[in-house]
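Using the sequences and the hints given, assemble the complete structure.
Protein chains: 2
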Amino acid sequence: VNLYLLRHGPAGDVGAWAPRPDSLRPLTKEGKEKVKDVAKGIRRHGLSFDMILTSPYERALQTAKIVAKTLGLKNNLVDFSPLEPGGDAQELIRELDRHGKKWRDVLLVGHEPSLSQWIALLTTGHPVGILEMKKAGLAKLAISRPVFGRCATLEFLLPPKYIS
Amino acid sequence: VNLYLLRHGPAGDVGAWAPRPDSLRPLTKEGKEKVKDVAKGIRRHGLSFDMILTSPYERALQTAKIVAKTLGLKNNLVDFSPLEPGGDAQELIRELDRHGKKWRDVLLVGHEPSLSQWIALLTTGHPVGILEMKKAGLAKLAISRPVFGRCATLEFLLPPKYIS
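For the protein sequence lines, the chains are Y and D, in the order given.
This note's numbering numbers the first residue of the first sequence as 1374 and each following residue consecutively.
This note's numbering numbers the first residue of the second sequence as 1374 and each following residue consecutively.
Incorrect hints may appear among the rest.
To be verified - Here are the computed distance ranges between Cβ atoms for each label pair: (1) Y/Arg1393 with D/Lys1442: 27 to 33 Å; (2) Y/Pro1458 with D/Pro1500: 31 to 37 Å; (3) Y/Asp1470 with D/Gly1502: 19 to 25 Å.
Because the hints were derived from the structure by calculation, they are not lab data.
The C-beta atom is built at its ideal place from N, Cα and C for all residues, glycine as well.
This is the structure in structure tokens:
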């Protein structure tokens, strides 16, 4: 399985958005443009996905929709609540394992620090802070068989300026 | 310190080169072109270096010279034997620490598996295999203070097609 992880694009200021629910905080106008550029870069580099799983939080969902639209994959996009902030990596691993034969290239759209913790967990066995994912940044893990522990190799970690 | 690590470009076949010393094995013609493209990409992305340390092995030295020439840094290029295959990371750390105040951005040009083991050592404390560096690929570590152990965050890992 090639597991791609994309962090949502730049969203509005947390403080200015409160007291409205953080789950509804959207991408800024510039954030949408940045995600569009990254989506075009993903297409230009010939990457595609069998399935796109996204956090249902607005800023992630908008990010995932832009990517799905750009790649013609609107029917392959599903909400996946373990991708919410603080979500459970074990559920994600089970989902990947369950669909392992059909899903060769899977894109996850979510949040920090969860995404970089998962990369650490799958490459080292420990969810420690080894790397930093920029907003609209993309990472790729090559996974032999998904397990809750060390099972992956990091193939790239791309800040948005290196994809778009 | 921003520590950049560049793997040498594609070199001639090991078997066909033998029994000549592996240290003299050069880049192929295509390897040189790939490194030139990456060097231009490094320049276009506005990266520069206070110092370039290279393995004295021919394929790494050629790679480092192409980058130094492209960036106008021929006078900042030095051979550094700990970057040879199987070199000692402790010597590298001491060298970085010694020049810490003058060197803000340092490029290392070397070999696998040493480069990815060093990235693992500096981000996790253990020289385990967590990632893969392609030939002519570039990685960036942000280091607070260089020590032999966990002291760095991986900021990017770029296969050559994402730099050039």
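Do the hints match the structure? See the list:
For the pair Y/Arg1393 and D/Lys1442, the beta carbons lie near 55 Å from each other, so the given range of 27 to 33 Å is not met. For the pair Y/Pro1458 and D/Pro1500, the beta carbons lie near 32 Å from each other, so the given range of 31 to 37 Å is met. Taking 19 to 25 Å as the suggested C-beta distance range, the pair Y/Asp1470 and D/Gly1502 conforms, at roughly 22 Å.
Hint compliance for this structure: hint 1 is the single one not met.
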